[in-house]
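Visitor: Single-letter residue listing:
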Amino acid sequence: MSEIKIVFTGSMGAGKTTAIAAISEIPVISTDVRATDADVLQRKETTTVAMDYGELTLEDGQKLRLYGTPGQQRFEYMWKILARGALGLVILIDNSGSDPIGELVRYIDNFREFINETSAVIGISHMDTNPEPDLQSYYSYLQERGIELPVLPVDARSSDSVVMLIQALLAMLEFG
Amino acid sequence: MLAPAIVKQVEVRLDKLLEMCSAVDAVVVATLDGHLCAMKQREKSYSLERLATMGSTLMSLGDTITAELAMGTCDNIISENRNGVVAFMHINDDLVLVSLTTSKNSLGMLLGYSRSCAQDVAKMV
Numbered sequence: 001m002s003e004i005k006i007v008f009t010g011s012m013g014a015g016k017t018t019a020i021a022a023i024s025e026i027p028v029i030s031t032d033v034r035a036t037d038a039d040v041l042q043r044k045e046t047t048t049v050a051m052d053y054g055e056l057t058l059e060d061g062q063k064l065r066l067y068g069t070p071g072q073q074r075f076e077y078m079w080k081i082l083a084r085g086a087l088g089l090v091i092l093i094d095n096s097g098s099d100p101i102g103e104l105v106r107y108i109d110n111f112r113e114f115i116n117e118t119s120a121v122i123g124i125s126h127m128d129t130n131p132e133p134d135l136q137s138y139y140s141y142l143q144e145r146g147i148e149l150p151v152l153p154v155d156a157r158s159s160d161s162v163v164m165l166i167q168a169l170l171a172m173l174e175f176g
Numbered sequence: 001m002l003a004p005a006i007v008k009q010v011e012v013r014l015d016k017l018l019e020m021c022s023a024v025d026a027v028v029v030a031t032l033d034g035h036l037c038a039m040k041q042r043e044k045s046y047s048l049e050r051l052a053t054m055g056s057t058l059m060s061l062g063d064t065i066t067a068e069l070a071m072g073t074c075d076n077i078i079s080e081n082r083n084g085v086v087a088f089m090h091i092n093d094d095l096v097l098v099s100l101t102t103s104k105n106s107l108g109m110l111l112g113y114s115r116s117c118a119q120d121v122a123k124m125v
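As given, the protein sequences belong to chains G and H, one line each in that order.
Oh and the first sequence: position 65 is 65 in our numbering, straight run, nothing missing.
Oh and the second sequence: position 115 is 115 in our numbering, straight run, nothing missing.
The reader is advised that the hints may include incorrect statements.
Here are the simulated distance ranges between beta carbons [unchecked claim]:
1. H:Thr66 x G:Tyr139: 25 to 33 Å
2. H:Ser45 x G:Lys5: 35 to 43 Å
3. H:Arg50 x G:Ala38: 30 to 38 Å
4. G:Glu3 x H:Asn83: 34 to 42 Å
These are computed hints drawn from the structure, not numbers from a lab.
The beta carbon of each residue, even a glycine, is placed where N, CA and C say it ideally should be.
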C-alpha cells in the first residue's frame with residue numbers, strides 16, 4: 001500500500017482545516033487557537049498556528065496523509081517545513097476575501113519551486129456567495145504567468161467537493 | 001492583545017527577570033496566535049518577533065501532543081541546543097513566555113526564574 005503526502009495551503013479563512021476534516025477518516029489533529037487579529041476575528045474565532053493533519057484511504061488502497069498549513073503570512077516558516085516530502089499541493093483561496101487573486105499570487109510565488117517539481121490544484125471557496133472574480137479571471141492570471149493548473153470551485157465542508165480536488169491533483173501527478 | 005498599560009507592567013517584570021537571572025539572555029511574551037506582546041534582551045542579538053510566532057507554534061504543538069496522549073496541559077517545552085537552551089511555557093490559556101540562555105548549564109535557572117516570571121505575568125493580565 002503506497003502513501004502520498006498532500007499539503008493544503010492557502011488564504012486565511014479559505015477552509016483548509018474544514019476541508020481536511022471533511023475527508024479525514026481519523027479525528028483531525030488540529031492546532032487551532034483563539035485568534036486575536038481583528039481581520040481574522042471578522043471571519044472566524046480561531047486560527048491554525050502549526051498544522052492540521054488527517055488521513056484518507058482511497059479505493060485502490062493508497063493512503064493520503066493530509067497536512068494543512070497555517071494561512072497567515074507570519075507562519076510562513078511552517079509552509080516550508082510541511083511541504084518537505086509532499087507529492088502535491090492543494091491551494092485554497094477564499095473568494096470572499098478582499099484580494100483573492102493577490103492571495104493566489106502570494107501562494108504561487110511562495111510554492112513556485114515546489115509546484116515546478118510536483119504539482120498543484122487550486123480550489124476557490126465561497127464562490128456561491130462571492131462569484132467574482134470568476135474562474136476565468138483565475139485562469140487568465142495563470143495563463144499570463146505561463147502556469148497550467150486546474151482551478152475548481154470548492155465547498156470545503158463537502159467531502160465530495162474536496163475529494164474532487166484531490167482526484168484532480170492525483171490526475172495531475174499521474175498524467176502531468 | 002494587551003493594553004499598553006499592562007504591556008508596561010509586563011516589560012518591567014521581564015526586566016526584573018534579566019536582572020535576577022544573569023543566565024537569561026532574552027525573554028518574550030506572545031499571544032498563542034503568534035503576536036509579540038512584550039520583549040527584553042540583553043543585546044539586540046535576536047529577532048524576537050519571529051521567536052514570538054515560532055513560540056506560539058511550538059506551544060500549540062505541545063498542547064496538541066499532550067492532549068493526544070491524555071497527559072493534561074503542556075507546561076513547558078525545552079529546546080536544548082549546541083549553543084544554548086530555549087524554554088517555552090504557558091502564562092495562561094492565551095499567552096506564552098519564551099526565554100533563552102546561551103549558557104548550556106543553566107537549564108534549571110532558566111526554567112525556575114522563567115516560571116516565576118510567567119506566574120507573575122499571569123496575575124497582571
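Visitor: Evaluate each hint against the coordinates.
Guide: Each hint, compared with the structure:
no. : hint                           : result
1   : H:Thr66 x G:Tyr139: 25 to 33 Å : violated, 46 Å
2   : H:Ser45 x G:Lys5: 35 to 43 Å   : holds, 36 Å
3   : H:Arg50 x G:Ala38: 30 to 38 Å  : violated, 22 Å
4   : G:Glu3 x H:Asn83: 34 to 42 Å   : holds, 36 Å
Checked against the numbered hints given earlier, the structure breaks hints 1 and 3 and satisfies all the rest.
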